[in-house]
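2 protein chains.
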Amino acid sequence: MTYRPAHRLADIEPFHVVELLTRARQLEAEGRDIIHMEVGEPDFPTPEPIAEAAIAAIRDHKTLYTQALGLPELRAAISAFYGQRYGVTVPASRIAITNGASGALNLAFAALANPGDEWLLADPGYPCNRHILRTYEGLPRSIPVGPDSNFQPTPEQVSAEWNERTAGLLVASPANPTGTLLTLDEIAALANECRAKDGHFLVDEIYHGLTYAPSPKGTCSAAQEVPLGDEVDAPTACAAGDDIWVINSFSKYFQMTGWRLGWMVIPEPYVRDVEKLAQNLTLCPSTPAQYAALAAFAPATIEILEARRGEFRRRRDFLAPALEAIGFRVTARPEGAFYLYCDCSALAADSFVLARDLLEKTGVAATPGLDFGSNEPEKHIRFAYTTEIPRLAEAVSRLSAYFGR
Amino acid sequence: MTYRPAHRLADIEPFHVVELLTRARQLEAEGRDIIHMEVGEPDFPTPEPIAEAAIAAIRDHKTLYTQALGLPELRAAISAFYGQRYGVTVPASRIAITNGASGALNLAFAALANPGDEWLLADPGYPCNRHILRTYEGLPRSIPVGPDSNFQPTPEQVSAEWNERTAGLLVASPANPTGTLLTLDEIAALANECRAKDGHFLVDEIYHGLTYAPSPKGTCSAAQEVPLGDEVDAPTACAAGDDIWVINSFSKYFQMTGWRLGWMVIPEPYVRDVEKLAQNLTLCPSTPAQYAALAAFAPATIEILEARRGEFRRRRDFLAPALEAIGFRVTARPEGAFYLYCDCSALAADSFVLARDLLEKTGVAATPGLDFGSNEPEKHIRFAYTTEIPRLAEAVSRLSAYFGR
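These protein sequences, in sequence, are chains A and B. Numbering follows UniProt numbering, in which position 87 of the first sequence is assigned residue number 87; successive positions increment by one, without gaps. Numbering follows UniProt numbering, in which position 211 of the second sequence is assigned residue number 211; successive positions increment by one, without gaps.
Since the hints were derived computationally from the structure, they do not count as laboratory data. None of these values were measured; they are calculated from a predicted model. Be aware that a few hints might be false.
Each pair may be met inside one copy or between any two copies, as identical chains are not told apart.
Said to hold, decoys possible - Under the rule of at most 25 Å between Cα atoms (straight-line distance), these lysine to any residue pairs were calculated in the SDA-like manner:
#1 Lys62 x Phe297
#2 Lys62 x Thr301
#3 Lys62 x Pro45
#4 Lys197 x Leu9
#5 Lys62 x Glu41
#6 Lys276 x Glu19
#7 Lys276 x Glu376
#8 Lys276 x Leu184
#9 Lys276 x Pro115
#10 Lys62 x Gly31
#11 Lys62 x Leu294
#12 Lys276 x His36
#13 Lys62 x Glu48
#14 Lys379 x Ala76
#15 Lys276 x Gly116
#16 Lys276 x Gly241
#17 Lys276 x Lys361
#18 Lys361 x Glu48
#19 Lys62 x Glu52
Can you build the whole structure from these sequences, using the hints too?
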């Protein structure tokens, strides 16, 4: 039969960093020491209380299908978490448990996107978001964002880009690749803009919990002024209206990446639609993962997670000024996630070429801007601080030598 | 914002049986004894070697993301399984690990279905298949199937239904709800028909392994003539050409339902397309589930599974003649899965009304034909033998009393 993939495949890109990863593995096989700063995954193991909860469930034969929207007790636990941590009331009936945040976005766009609809997304941004949208025949329309707006879209940009085909807006706070946050006022203003246009508003909060002391714009070195342990939680969009779709995950703060579990807060009128889709598209999320996640909100787990959050903060506070001293410019305020999105235009003409050369010559792996959109990707490179400080220091030392600093 | 779901939602139905399930739970809460014959899930726990492999992996912190197409060692294990069990060579490079068979079908239709394309599917059939297709903007076109062709589509039907908008054909062997099989000759003939039309051909084999001694058409009571333990494996479509998409699952034979793990054999030219989609839509399948599944092919596991397969066989051999004695007609040859799809038109005018009445008056829960399509659903009802023989006997006794037999 003739090779004839669906037309959408032409618009869906692979992860460019995989090419680098493959080369990194080759080099490692040859005995080279590679420092992995390209990985979007916490280096900590899943906290023991979560792992033990999974093991107990498996031993107890709790491995059958659950309801399509997830275990009622887990939906209730997430609802309680919104109350405790954010002081926001989110009824369990509006919470769907999903196959990671990816699964949540699949269900959201399956529920909302019509063929040919346009959706506004920030560029740079997490590339899968626009590809998931495209898979459901929606068309991503980029809002270029930069240092002027801390790499977040503004209501004015949203208003200017909106046209008769526009169906909605997706933002992320903290954002990937920049780690920048939206304040509650900024979220509310974007929500109001969407309401004025009668459009949908989705907020990706998958790095929630991994937010740190504010670091003044442009000078990350000043971040240390806020004492460790006084980390500030980002506001949740759930506080800005019950007509907002909010996507979250157990992957990042809760460090359950490979378990593939996330959740979504759904505007009430769409709960039944998402349930129908979940019944048909996925049956249910992973049952062992759901039982594991029931332990995610226990005080003993939160204590472990907060200690690790402090460690991410220390890494950021070490790495950001060290990269700036080399000549990378951290033009976004990196207050969340575990990334520094650096302007490297003073150091190299093309970040993709630079990333390859750094890997070959220094053994430092980082992600070129190309994976995050088409808004000056060649000028940017993303460093993840998902490795411990001595290794980050070794990377800085190698990069300094490479650039002759 | 105005409630405005995607247009596709109008074509995607919920599981009608959920209404019955909800009522069954109410009755149970009131103290009624309900016999669950509506459930499409094995009643056996996940075999201990599989569960213990998961626990070892979790303890060993093997819970990070894997490659998008899955663990190379699991892909290799499945490749080896095709060789051992079927004598068919399927390279590991063509095998993708997925979020259950549901995840496989999502990826297949995302890779192949263009908006407005028509796909041929058997009716009655597993309802999610047509709803997944519709989600990716493909249009399901039903081939009505019945006793004449053992509830499987024939090449003549495929040829007659094919038009200029038709993109492909999806069949299932064993089929749900009927449990009927396709021979290798029949699969090859359907594949040839698709090749003649230059269309795609997908075969759902998620009930593979759960196949039993042949039972002569129309008279299930004769099935006992084949000795227990001489169960016959269904042929895999992998033996009929490497241009066929084959979908399988760890849920049914391997009894890992809630783990959400399946796989797909992909025609070589599409492997890269499916990988791109998997990277963007799912990141990877559940890591603990993948490590668990590495133990699925061990001889100790297979021994457990084959014993349970024998038990399913015994249940079918008990239940089919017992239902026929009451007046249900098992017009499909139920040689696989764990369902009996019965013509109940001699007993009731509408199977949906009947299912509700049976639940209320006898406490027996079964799935009305309505959940499987629009081909005479009111005449049919599906009984699952996913409960032990004494309970099946109790159900038969209650049904006999209800119908006055």
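Have a look at Lys62 and Gly31 and pick one of within, between, both or neither, based on CA distance no larger than 25 Å.
between (43 Å within a copy, 23 Å between copies)
I want to check one pair: Lys276 and Pro115. Are their C-alpha atoms no more than 25 Å apart within a copy, between two copies, both, or neither?
both (20 Å within a copy, 21 Å between copies)
Between Lys62 and Glu41, at a C-alpha cutoff of 25 Å, which is it: within one copy, between copies, both, or neither?
Answer is between; shortest inter-copy Cα gap is 13 Å, intra-copy 28 Å.
Are the CA atoms of Lys276 and Lys361 at most 25 Å apart within a copy, between copies, both, or neither?
neither (52 Å within a copy, 29 Å between copies)
Homomeric proximity label, Lys361 with Glu48: Cα distance no greater than 25 Å:
Neither: 38 Å inside a copy, 48 Å across copies.
I want to check one pair: Lys276 and Gly241. Are their C-alpha atoms no more than 25 Å apart within a copy, between two copies, both, or neither?
Result: close within a single copy only, 24 Å intra versus 35 Å inter.
Taking 25 Å as the upper bound on the Cα-Cα distance, should Lys276 and Glu376 be classified as within, between, both, or neither?
Close across copies (23 Å), not inside one copy (40 Å); limit 25 Å.
At most 25 Å between C-alpha atoms: does Lys62 with Thr301 qualify within a copy, between copies, both, or neither?
both (21 Å within a copy, 19 Å between copies)
Is the C-alpha distance from Lys276 to Leu184 at most 25 Å within one copy, between copies, in both cases, or in neither?
neither (32 Å within a copy, 35 Å between copies)
Within a copy, between copies, both or neither: which one fits Lys62 and Glu52 at a CA-CA cutoff of 25 Å?
both (14 Å within a copy, 14 Å between copies)
My question is about Lys62 and Leu294: at a cut-off of 25 Å on alpha-carbon distance, are they close within one copy, between copies, both, or neither?
The answer is both: 13 Å in one copy and 20 Å across copies each meet 25 Å.
Treating 25 Å as the Cα threshold, decide for Lys276 and Glu19: within, between, both or neither.
Between copies only: 13 Å across, 38 Å inside.
The structure fails hints 8, 14, 17 and 18 (numbered hints given earlier, in ascending order).
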